[in-house]
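Asker: Residue numbers (the working numbering), protein chains in the order written: chain A, 1 to 157; chain F, 1 to 555.
Fair warning: there could be bad hints in the mix.
As the list claims (entries may be wrong) - Keeping only pairs whose Cα atoms sit at most 25 angstroms apart, straight-line, the calculated DSS-like set for lysine-lysine is:
1) A:K56 to F:K293
2) F:K192 to F:K132
3) A:K63 to F:K180
To be verified - Far from chain F, by Cβ distances over 10 angstroms, these chain A residues were calculated:
4) A17
5) Q60
6) N66
Unchecked claim - Residues from chain F that face chain A, not an exhaustive set, calculated with beta carbons under 8 angstroms:
7) H124
8) Y143
9) I144
10) L176
11) K180
12) P301
13) S302
14) K306
15) R309
No lab work stands behind these hints: they were computed from the structure.
Note that the structure is a prediction, hence the values are computed from the model and not measured.
Don't be surprised by glycine CBs; every beta carbon is placed ideally from N, CA and C.
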Amino acid sequence: MRHTISLLVENKFGVLARIAGLFSARGYNIASLAVSETLDPTISYMTIVVEAQDEKILEQINKQLNKLIDVITVTDFTKKEHVDRELILLKIGYAVKDKQKLDELFKKYVGKIIQVKNDTAIVEAVGDQSQIGQLLEALSEFGIKELVRTGRLAITN
Amino acid sequence: MVGARILLESLKRAGVEVIFGYPGGQVLPIFDQLYDFDIKFILTRHEQGAAHAADGYSRATGKVGVCLATSGPGATNLVTGIANAYMDSIPMVAITGQVGTHLIGNDAFQEADVTGITRPITKHNFLVKDVKDLARTIAEAFYIASSGRPGPVLIDIPLDIQRADTEFIWPEKVNLRSYKPTYSGHPGQIKKAARLISSARRPIIYAGGGIITSGGHLELKALAEKIQAPVTTTFMGLGGFCGTHKLFLGMLGMHGTAYANHAVMEADLIIAVGARFDDRVTGRLDNFAPDAKVIHIDIDPSSISKNVRVDIPIVGDAKNIIGELISQIKKLPDTVAWLKMIEGWRKKHPLTYKHNGSMIKPQYILEQLWKLTKGDAIICTEVGQSQMWACQWYKYLTPRTWISSGGLGTMGFGFPAAIGAKLGCPGKEVFNIAGDGSIQMNIQELATCVANKINVKVLIFNNGFLGMVRQWQELFYKKRYSYTPITSPDFVKLAQSYGAVGLRVSKKSEVIKALKKAMQIKNTVFVDFRIEPEENVWPMVPAGQAINKMIEGLA
Chain A
1 MRHTISLLVE NKFGVLARIA GLFSARGYNI ASLAVSETLD PTISYMTIVV EAQDEKILEQ
61 INKQLNKLID VITVTDFTKK EHVDRELILL KIGYAVKDKQ KLDELFKKYV GKIIQVKNDT
121 AIVEAVGDQS QIGQLLEALS EFGIKELVRT GRLAITN
Chain F
1 MVGARILLES LKRAGVEVIF GYPGGQVLPI FDQLYDFDIK FILTRHEQGA AHAADGYSRA
61 TGKVGVCLAT SGPGATNLVT GIANAYMDSI PMVAITGQVG THLIGNDAFQ EADVTGITRP
121 ITKHNFLVKD VKDLARTIAE AFYIASSGRP GPVLIDIPLD IQRADTEFIW PEKVNLRSYK
181 PTYSGHPGQI KKAARLISSA RRPIIYAGGG IITSGGHLEL KALAEKIQAP VTTTFMGLGG
241 FCGTHKLFLG MLGMHGTAYA NHAVMEADLI IAVGARFDDR VTGRLDNFAP DAKVIHIDID
301 PSSISKNVRV DIPIVGDAKN IIGELISQIK KLPDTVAWLK MIEGWRKKHP LTYKHNGSMI
361 KPQYILEQLW KLTKGDAIIC TEVGQSQMWA CQWYKYLTPR TWISSGGLGT MGFGFPAAIG
421 AKLGCPGKEV FNIAGDGSIQ MNIQELATCV ANKINVKVLI FNNGFLGMVR QWQELFYKKR
481 YSYTPITSPD FVKLAQSYGA VGLRVSKKSE VIKALKKAMQ IKNTVFVDFR IEPEENVWPM
541 VPAGQAINKM IEGLA
């Protein structure tokens, strides 16, 4: 099962390595990770998505995260109501005739064409996990040449 | 003031009396300051010895042990000692030199990423990149090391920071917004625990190292006596409950007493205090104490429900919580029948061994040592059979008289730890119970003892084997003694060549005399006891078995 965990941490060098180490030491791969400063520049916010088969190990990781000196709070969103979003950037195949189809698509999903160069368009989109999944599927008919994603951001509601 | 001086002034403010360490290129400014600074420095002969000595000092005194080493190999040599302290929750501050900040990451001479290497084996670590942060960092390190669940903290100080100049300001208070250990237990949970205790019929107290750390041994005694519950301790908890008390069952687990293990398995309530249900304690988990409800008191929330399900978790300081708990227990459980049952097990399955002519049995040495010292000594150990016999056959009456590597099981720990313990408690007789294998892992510290007139007694249980591994090979690998027969130097001559005293004992009849003699000599003594070569540690729970499925050996 995929778990989304958010952390408020001291904005210092080495903190990310400590956190990543708790996952890697148990053989757990971090599926996505988003880190940035908060309104308080001494504090960073992290959203971590991790695939965990064993709930007990995940509980242990959560407790260990809480134990790290530089970690201020830990929230596991798995059992909490929350809103999550991800931003993606793609390069897709493009011809003038595609414009209408894409505009249609971006009425349904939050996204837009940012730039067109020769036969390639750069597209951005925002959505939750299922929206992004559906959009990627829809865009595949244009030929996805490149894809980058921010990883999930999550916030409690 | 330069960084190196700030370091020493800060250590002094933090109450440090002794530093164990070894000089090197990247700590030269610190050693230059140490030259005429009023703080005791013990030069070990290996950095690992310094780390273990700081650990032993900490275990013996309850204070924060301090070790100091240079960058690169100096620091990596500390690693085993730091990991050892981490596993046993021992407060320690390790200080390492680092190459200059402009060289970090350049593969400079004697450079290693020490904060990276020690990240998973420290409670926290610091790389100081600005001399203005140095004093505060040291204050924080001592606070973190000694509060909550204690542990080692490493401070890596680059060479240019040691030389840089700034005003020395010692922070009187440390405040970390992200680190607030919980000390007092939840009152509601304590009430619930008290009710559960009142209704128990077969309660047992299972106490671990948290009793020693919190200083809650008197509260533990009061609780056990009030509710008339038997007490077993973990390896780390030895000394936390008086070893001669009639409610004491000895240690539990893999080499615990049969009666402690039976009692845990038959209990209807386990009151776990400052213990973590380690695999050496629980044996097969799904069959551990099947009828028992569990109250778990621990300062570390991550220890709770890690291995066994817990009915009433109480996070906080063991001493505080037991004190509260005692006052909350209104109705006392009736344990008369239960204690009788336990006495039956105690009679039926006592700890035992058989003499064999004039051969020296290791258990016999420990029994005699107990008779001679009456518990008024500090017993350090190495790791393996000799260590397990020391758990079983010596009685620890008070906290901090038992010093041994638990979680990590580090051979080579005991001797340097004994040095640390003796420096911390100069008035106490300090013994190191060693095997002929383990003692050779940090034997160079003989020079440290002699040079500093540190008077410790090393009792080598010399059986010509790496005994514990040999025992497993005997029992589980068809006696194929693969690389466990071990040769040793002449320990008597070796001790003499260092300027210490060596004694050899080959007959049972000489044991008492030799112990008495060793205790009279005002020098470090190595006693080479030639013991029964293939003596085993009994009882033993084979790995992965329920803890009442013991092999009881030849009793």
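Asker: So, for every hint listed, does it hold in this structure?
Answerer: Here is how each hint holds up against the structure:
Distance check on the hinted pair: A:K56 and F:K293 sit about 20 angstroms apart at the alpha-carbon level, within 25 angstroms; holds. Taking the CA atoms of F:K192 and F:K132, the gap is about 49 angstroms. The hint is violated against a cut of 25 angstroms. Taken as a hint, the A:K63 and F:K180 pair is honoured in the structure, with Cα atoms around 14 angstroms apart against an allowance of 25 angstroms. Once the 10 angstroms rule is applied to beta carbons, A:A17 is inconsistent with being away from chain F; the minimum gap is 7 angstroms.
For A:Q60, the shortest C-beta to C-beta distance to chain F comes to about 6 angstroms, within the 10 angstroms cut-off, and the non-interface label is violated. Look at A:N66: its CB is around 7 angstroms from the nearest CB on chain F, not clear of 10 angstroms, so calling it non-interface is violated. Contact between F:H124 and chain A, as hinted, is supported at the beta carbon level, the nearest pair being about 4 angstroms apart and thus within 8 angstroms. Violation of the interface hint for F:Y143 is found here, the shortest Cβ-Cβ separation to chain A being roughly 10 angstroms, above the 8 angstroms cut-off.
Checking F:I144 against chain A: minimum C-beta separation of about 6 angstroms stays under 8 angstroms; hint holds. A cut of 8 angstroms between beta carbons decides the hint on F:L176: the least distance to chain A is about 7 angstroms, and the hint holds. At its closest, the beta carbon of F:K180 sits 10 angstroms from a beta carbon of chain A; the interface hint therefore is violated under the 8 angstroms criterion. The criterion of a C-beta within 8 angstroms of any C-beta in chain A is met by F:P301, whose closest approach is roughly 6 angstroms, and the hint holds.
Hint status for F:S302: holds, given a least beta-carbon distance of 4 angstroms to chain A, under 8 angstroms. For F:K306, the interface hint holds, since its Cβ comes within 8 angstroms of a Cβ in chain A; the closest pair sits about 6 angstroms apart. Interface hint at F:R309: violated, since its Cβ lies 10 angstroms from the closest Cβ of chain A, which is beyond the 8 angstroms cut-off.
The structure is inconsistent with the numbered hints 2, 4, 5, 6, 8, 11, 15, although it conforms to all the rest.
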